[in-house]
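Novice: What follows is each chain in one-letter form.
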Amino acid sequence: MKFQIPIGPQHPALKEPISLRMTVEGEIIRDADIRLGYNHRGLEKLAEQKTWIQNIYLTERICGICSHSHTTCYVQGVEKLMELEPPKRGLYIRTLVAELERVHSHLLWLGVAGHEAGFDSFFMYTWRDREIVMDILEIITGNRVHYGINTIGGVRRDLDEQQIKHILDSLSVLRQRSEYYKHLGTNEPSFVARLAGVGYLSREDAIALCAVGPTLRASGVPMDVRKDDPYAVYDEVPFEVCTAETGDVLGRTVVRIKELFQCYNIIEYLLKNLPSGPVAVRAPRRAKPNEVVSRYEAPRGENIHYIKSNGTDKPERLKVRAPTLGNYAATIKMLKNGFIADVPLIFAAIDPCICCAERAVSLVDARTGQEKIIVMNDLKRLSRRLSAGNIRKREAEWPL
Amino acid sequence: MNDQTLIDKAKASLGDKVLDITNPAPRRIFIKLKVDDLLAAVNWLKNEMGFTHLATITGVDLGQAFELIYHFANSFTCVNLRTEIPRDNPLLPSICQLIPGAVLYERELQDMFGIVVQNIPDGRPLVLPDDWPAGNYPLRKDWKYERPPEVIPGGKR
Numbered sequence: 004m005k006f007q008i009p010i011g012p013q014h015p016a017l018k019e020p021i022s023l024r025m026t027v028e029g030e031i032i033r034d035a036d037i038r039l040g041y042n043h044r045g046l047e048k049l050a051e052q053k054t055w056i057q058n059i060y061l062t063e064r065i066c067g068i069c070s071h072s073h074t075t076c077y078v079q080g081v082e083k084l085m086e087l088e089p090p091k092r093g094l095y096i097r098t099l100v101a102e103l104e105r106v107h108s109h110l111l112w113l114g115v116a117g118h119e120a121g122f123d124s125f126f127m128y129t130w131r132d133r134e135i136v137m138d139i140l141e142i143i144t145g146n147r148v149h150y151g152i153n154t155i156g157g158v159r160r161d162l163d164e165q166q167i168k169h170i171l172d173s174l175s176v177l178r179q180r181s182e183y184y185k186h187l188g189t190n191e192p193s194f195v196a197r198l199a200g201v202g203y204l205s206r207e208d209a210i211a212l213c214a215v216g217p218t219l220r221a222s223g224v225p226m227d228v229r230k231d232d233p234y235a236v237y238d239e240v241p242f243e244v245c246t247a248e249t250g251d252v253l254g255r256t257v258v259r260i261k262e263l264f265q266c267y268n269i270i271e272y273l274l275k276n277l278p279s280g281p282v283a284v285r286a287p288r289r290a291k292p293n294e295v296v297s298r299y300e301a302p303r304g305e306n307i308h309y310i311k312s313n314g315t316d317k318p319e320r321l322k323v324r325a326p327t328l329g330n331y332a333a334t335i336k337m338l339k340n341g342f343i344a345d346v347p348l349i350f351a352a353i354d355p356c357i358c359c360a361e362r363a364v365s366l367v368d369a370r371t372g373q374e375k376i377i378v379m380n381d382l383k384r385l386s387r388r389l390s391a392g393n394i395r396k397r398e399a400e401w402p403l
Numbered sequence: 016m017n018d019q020t021l022i023d024k025a026k027a028s029l030g031d032k033v034l035d036i037t038n039p040a041p042r043r044i045f046i047k048l049k050v051d052d053l054l055a056a057v058n059w060l061k062n063e064m065g066f067t068h069l070a071t072i073t074g075v076d077l078g079q080a081f082e083l084i085y086h087f088a089n090s091f092t093c094v095n096l097r098t099e100i101p102r103d104n105p106l107l108p109s110i111c112q113l114i115p116g117a118v119l120y121e122r123e124l125q126d127m128f129g130i131v132v133q134n135i136p137d138g139r140p141l142v143l144p145d146d147w148p149a150g151n152y153p154l155r156k157d158w159k160y161e162r163p164p165e166v167i168p169g170g171k172r
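Those protein sequences? They're chains A and B, same order as listed.
Mapped onto our numbering, the consecutive letters of the first sequence carry residue numbers 4 to 403.
Mapped onto our numbering, the consecutive letters of the second sequence carry residue numbers 16 to 172.
A hint or two may mislead.
With a straight-line Cα cutoff of 27 angstroms, these simulated DSS-like cross-link-like pairs (lysine-lysine) come out [to be verified]:
(1) LYS168/A / LYS261/A
(2) LYS159/B / LYS48/A
(3) LYS83/A / LYS53/A
(4) LYS159/B / LYS291/A
(5) LYS53/A / LYS159/B
(6) LYS48/A / LYS156/B
(7) LYS47/B / LYS83/A
(8) LYS230/A / LYS61/B
(9) LYS61/B / LYS336/A
(10) LYS61/B / LYS291/A
(11) LYS83/A / LYS156/B
(12) LYS47/B / LYS48/A
(13) LYS47/B / LYS317/A
(14) LYS291/A / LYS47/B
(15) LYS159/B / LYS317/A
Note that these hints are calculated values from the structure, not bench results.
Required output: the full structure, derived from the provided sequences and hints.
Specialist: Next comes the structure, spelled out in structure tokens:
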């Protein structure tokens, strides 16, 4: 007997409300279907009516967590159109904020993964430490979420010695705590057992479905825009691309934990090698007719903007492809032949924040049309009960 | 392999299918093609050059025609295939046979520009609401949004 389960689309806490319709046989998902557009804001059309400067703040509001990713991607494209060369110090500060954003995003994700797996103390620890990064960001930029630090031709605020010292001090705390999480993972078999083998995506599928970011790297594909197509100062900064071979949620966790340590190294390098000089150059108001493709490695994956100018102070076309859209096709593949109880975990693993919070799921009987509403907490309880009696994953080892 | 080798290989393999090829910045190659040659070019890029990652498809309204740009990337460069289709007959072949991950981008093009993608495996609307009036394509330049007058149910007291 087959059932169809719709999940979504509405929840006030979601950045991207989406609707999932899953065909299930018993507990096993046989097919999944995604419907988007519940929060379509017509941003690409709106951008054509705003000036280059206004669009920085518009693109910043595409996403709450990777707000700096979108502005950097947009701004570095516009700088190419205007033939501007931002000063080195400006680029260093821009990259610093980008890496701090990656740390806060990955810590947030680790917390969510812990929460979905029923490991709530992990969630509380990582979110406590995320506050350290948020404080640093607030000290540097003045804001916690929409930093507003990018401008065309550089950044808007400079760093002083006291701030650099504060960041380096906080960084050593973060590094120590992250070591502890790595250690905690090794000694927490139930956490590893819950994540291993869930939401499997093979290397071939990840490539064919054009997955991006940690989802792709967890399937063993070392693709990172920072390495492949270096922007800002990434060609000067030493770092490694982190991958995992398992292709499951555990692999995605491992990739993100490894990336945290890379981020700390990058931040330390940037602060110790910060050049002196101005942080921005003056930008013209208009751009000559031209076009540019700008790529950026956001915490969730590759972000791409296509910008076309027509000689005025407004863009002719701004196309934005955020990383989550690139991962949806792969998500459908991951959900297939999995359990309903794994849905929160698999969805959390691509980091769309779709199931962070309480949300209703209605079960529809395909033949009679009867509906049964269960809330997300019951679904999570089901998920924990399922994993509690799970013997076959016990052998899994924490690969770090 | 660098940009110049790829440009040489494109000229050798695709021959006169290439209408124009530019390299405006390092790691950015734009190749212009006729729409009939698109599938052959994607096939060449994927199977012979190893460009498996399609970043996205951009549509641009040029007035008389729609311009489509397919952004491909691999570990050393980013290749952008550019093609144009007439506005009064906007037919585009689907590349989902070669790149399964392209389906969401093609569905978005159908919604936003009214382009008809032929042989698309799943052609349902993607981003626009179910009750969106037919024939309205928001990213066409001549489409203007007019806010409908607000009607308070029961009238104002």
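Novice: Now, for every hint given, state plainly whether the structure supports it.
Specialist: Here is what the structure says about each hint:
1. A C-alpha spacing of about 25 angstroms is found between LYS168/A and LYS261/A, which places the hinted pair at or below 27 angstroms, so the restraint holds.
2. Between LYS159/B and LYS48/A the CA atoms are separated by roughly 10 angstroms; this keeps the pair inside 27 angstroms, and the hint holds.
3. Between LYS83/A and LYS53/A the CA atoms are separated by roughly 19 angstroms; this keeps the pair inside 27 angstroms, and the hint holds.
4. For the proposed pair LYS159/B and LYS291/A, the alpha carbon gap of about 25 angstroms is at most 27 angstroms, so the pair holds.
5. Our distance criterion of 27 angstroms between C-alpha atoms is met by LYS53/A and LYS159/B, whose separation comes to about 15 angstroms.
6. Taking the CA atoms of LYS48/A and LYS156/B, the gap is about 9 angstroms. The hint holds against a cut of 27 angstroms.
7. Pair hint LYS47/B plus LYS83/A holds up; C-alpha atoms about 21 angstroms apart against a cutoff of 27 angstroms.
8. With a CA separation close to 21 angstroms, the supplied pair LYS230/A and LYS61/B stays within the 27 angstroms bound.
9. Proximity of LYS61/B to LYS336/A is assessed by CA-CA distance (about 21 angstroms); at most 27 angstroms being required, the pair is judged to hold.
10. For a cut-off of 27 angstroms, the pair hint linking LYS61/B to LYS291/A is broken: about 34 angstroms separates their Cα positions.
11. For the proposed pair LYS83/A and LYS156/B, the alpha carbon gap of about 25 angstroms is at most 27 angstroms, so the pair holds.
12. Among the hinted pairs, LYS47/B with LYS48/A is consistent with the structure: their alpha-carbon atoms are about 25 angstroms apart, no more than 27 angstroms.
13. Pair hint LYS47/B plus LYS317/A holds up; C-alpha atoms about 25 angstroms apart against a cutoff of 27 angstroms.
14. Our distance criterion of 27 angstroms between C-alpha atoms is met by LYS291/A and LYS47/B, whose separation comes to about 21 angstroms.
15. Proximity of LYS159/B to LYS317/A is assessed by CA-CA distance (about 17 angstroms); at most 27 angstroms being required, the pair is judged to hold.
Consistency with the previously given hints fails for number 10 only.
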